[in-house]
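Visitor: What follows is the residue order along each chain.
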Amino acid sequence: MFLCPVFPRPPIEAYVPCLDHETLKLTDPPELIRIDLQLIAMVNVFRNHLEEKGFEVAKRLFFEGYSGSAAFSIRFAFIHPELVEAFSAGHCAGWPILPISDYEGKAVNYPLGISDLFELTGKAFNIEALREVKAFLYAGSADDNFHFDDDYLNLAIEILGSEANVIWPNASQIYQENGLNNITVRLYEGLNHSTTAPAAIPDVVQFFRDALSVSSRNSLF
Amino acid sequence: MLLEIHFEEEGEYESIESISVSGEFGHGDEEIVLNGERSSAEFLGWDSGTRTLSYFLFLDNDYEFETGSTYTLTFLATNGTEQPYDFVIEDARRDYPNITEPEAEEQFAAPQDIVVRWTHPIASTYRDGKVIESYHFLLERETDSNFEWVWYRNLFPATSNNYEVTIPATALTDDSKYRVHVEYRAHYTENTEYFKKVRTWMDFTVGDYQDSLQLNEADPEAGYHFPFFTYFNETANTNWPVYIMVLPLITGEPSEDFNFFLRSAEQTIRSGYDRF
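Heads up: the protein sequence lines correspond to chains A and B, in order. Numbers 121 to 341, taken from the numbering used here, label the letters of the first sequence in order. Numbers 310 to 585, taken from the numbering used here, label the letters of the second sequence in order.
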């Protein structure tokens, strides 16, 4: 069962489809306020529709995305981990979100970290729930297609690096250091932004097959 | 692009460590690796009976082949020896037939003769006897999990570039969804290893058919200001819980045209459920 929200990408500072910090701050136009909560409302409508058709619908969701849609997926999972069963996210617009709030005395704000997550969303970071989420992150080692945002670019480079072949091993290490052993990171050697997504399809499909096979009926309630 | 490699001798395939394609591409790399960790191609399969290896190359701006150019397949064996093999791309244009009738997603009340028309000017550009061209028209009916073959016709190119096929009512079943494929095929008599196929398709329904792909309108009172697409498999096993998979939308560029996002979202969800 699939759902694709038609959130636009208007030519404004906020990178709406990536669910970035500017998007979470939006108050105008009102239609764009908290699209993460709008998505949850859409899911509820779809869930009701499926249940009316006789389906038993798991409470938690799967997400799959690449590039900007992967950024949305992983950021949504960090904000609402209790709603996510599993997600696959490739590239994640360059630098994946980390489960840290400070780095060498500097605040690591969303979407690089979680320092101001409560201020932006009204929700505290729930790492215990996030540890229950099955996650597959991947990127091509030769992918140089980054979404640059001056608000966190320098700190992202300082913490993770400026090239994919160092960003992802560093990210993986930070996830491990924070007990997020549920997050698998794979780097596809030599692949760029165009070639990584198709090359990863078999692994992504297998990831979700595995996730389905181990997901218990407990996730229903 | 589909790339099929036939190995003449037993054991040749097994002794290959890497395969790559090199040459002049549109904008980017000068080498595409077909197998292994650095692969840029989708491995389709190895048929040990015919000793045929198949890959699918996703062509984009980085890997655009050029008409008339020679490319080299290089096989690196496990013993370190390299064997190059040249091939020529006869026609790199990606020009698809344009189905003009019926309209996409058109609904017919009941089984009836349905005329399908398309245009495709490419065929009329070859009249030197070196290209053998044809069109393959295929009708498929949607089943529980896929599409099944129903009916077909083969046609030769027409100087008018306009084509027409009538699907007989007897080939159609009530309350069904159908997909028609129009595939242009070209064989090159002086380059028999190159074979061009370009295919386009469209769907229509007959009778009271409910599409599993739905566009749900925005409902601010329910908490969302934008529409969303959903797809559900009617025949999924109701004895097990089902999961909802969210496929967030991303487009390469911003736009003020909301229809652009609607089209992109439909493409996103279709490619999503096709994949899984």
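Mixed in with the good hints, there may be bad ones.
Okay, the calculated beta carbon distance ranges per label pair [stated by the list, open to error]:
no. : chain 1 : residue 1 : chain 2 : residue 2 : range
1   : B       : Glu526    : A       : Pro322    : 13 to 21 Å
2   : A       : Gln326    : B       : Pro477    : 42 to 50 Å
3   : B       : Glu502    : A       : Ile160    : 27 to 35 Å
4   : A       : Asn302    : B       : Asp528    : 56 to 64 Å
5   : A       : Gly174    : B       : Ser564    : 34 to 42 Å
6   : B       : Tyr394    : A       : Gly299    : 46 to 54 Å
According to the in silico footprint, chain B covers these stretches of chain A (three or more CB under 8 Å from chain B) [unchecked claim]:
no. : region
7   : 126-136
8   : 231-244
9   : 249-255
10  : 287-300
So the derived list for chain A, only partly shown, Cβ under 7 Å to chain B, looks like this [as the list claims (entries may be wrong)]:
no. : residue
11  : Met121
12  : Met162
13  : Leu181
14  : Ser189
15  : Phe266
16  : Phe268
17  : Val305
18  : Pro318
Calculated directly from the structure, the hints in this document are not laboratory data. Ideal Cβ positions, reconstructed from N, Cα and C, are used throughout, including at glycine.
Visitor: State for each hint whether it applies.
Guide: Verification of the supplied hints:
Between B:Glu526 and A:Pro322 the beta carbon distance is about 36 Å. The supplied range of 13 to 21 Å is therefore violated. For A:Gln326 and B:Pro477, the Cβ-Cβ distance of about 43 Å falls inside the hinted range of 42 to 50 Å, so the restraint holds. Between B:Glu502 and A:Ile160 the beta carbon distance is about 54 Å. The supplied range of 27 to 35 Å is therefore violated. Separation of A:Asn302 from B:Asp528 is about 34 Å and departs from the stated range, judged on CB atoms against 56 to 64 Å.
Between A:Gly174 and B:Ser564 the beta carbon distance is about 39 Å. The supplied range of 34 to 42 Å therefore holds. Against the hinted window of 46 to 54 Å, the Cβ-Cβ separation of B:Tyr394 and A:Gly299 comes to about 51 Å, which satisfies the hint. Check on the region 126-136 of chain A: 7 of its residues sit with their Cβ under 8 Å from a Cβ of chain B, so the three-residue criterion for coverage holds. Against chain B, the region 231-244 of chain A contributes 0 residues with a C-beta closer than 8 Å to a partner C-beta. That does not satisfy the three-residue criterion, and the hint is violated.
By the rule of at least three residues with a Cβ nearer than 8 Å to a Cβ of chain B, the coverage given for the region 249-255 of chain A is violated, with 0 such residues. Beta-carbon proximity to chain B at under 8 Å applies to 0 residues in the region 287-300 of chain A; the threshold of 3 is not reached and the given coverage is violated. Look at A:Met121: its Cβ gets to within about 5 Å of chain B, closer than 7 Å, so that hint holds up. With its C-beta approaching chain B no nearer than about 5 Å, A:Met162 sits inside the 7 Å limit, and its interface hint holds.
Nearest Cβ of chain B to the Cβ of A:Leu181: about 5 Å, under the 7 Å cut. The hint holds. Taking 7 Å as the C-beta cut-off, the interface hint given for A:Ser189 holds, the closest approach to chain B being about 4 Å. The interface hint given for A:Phe266 is violated, since its Cβ lies 14 Å from the closest Cβ of chain B, which is over the 7 Å cut-off. With a least beta-carbon distance of about 15 Å to chain B, the hint placing A:Phe268 at the interface is violated under the 7 Å criterion.
Annotation: A:Val305 was flagged as interfacial toward chain B, and the flag is violated, the nearest CB pair being 15 Å apart, outside 7 Å. For A:Pro318, the interface hint holds, the least distance from its beta-carbon to any beta-carbon of chain B being 5 Å, beneath 7 Å.
Checked against the numbered hints listed earlier, the structure breaks hints 1, 3, 4, 8, 9, 10, 15, 16, 17; every other hint is satisfied.
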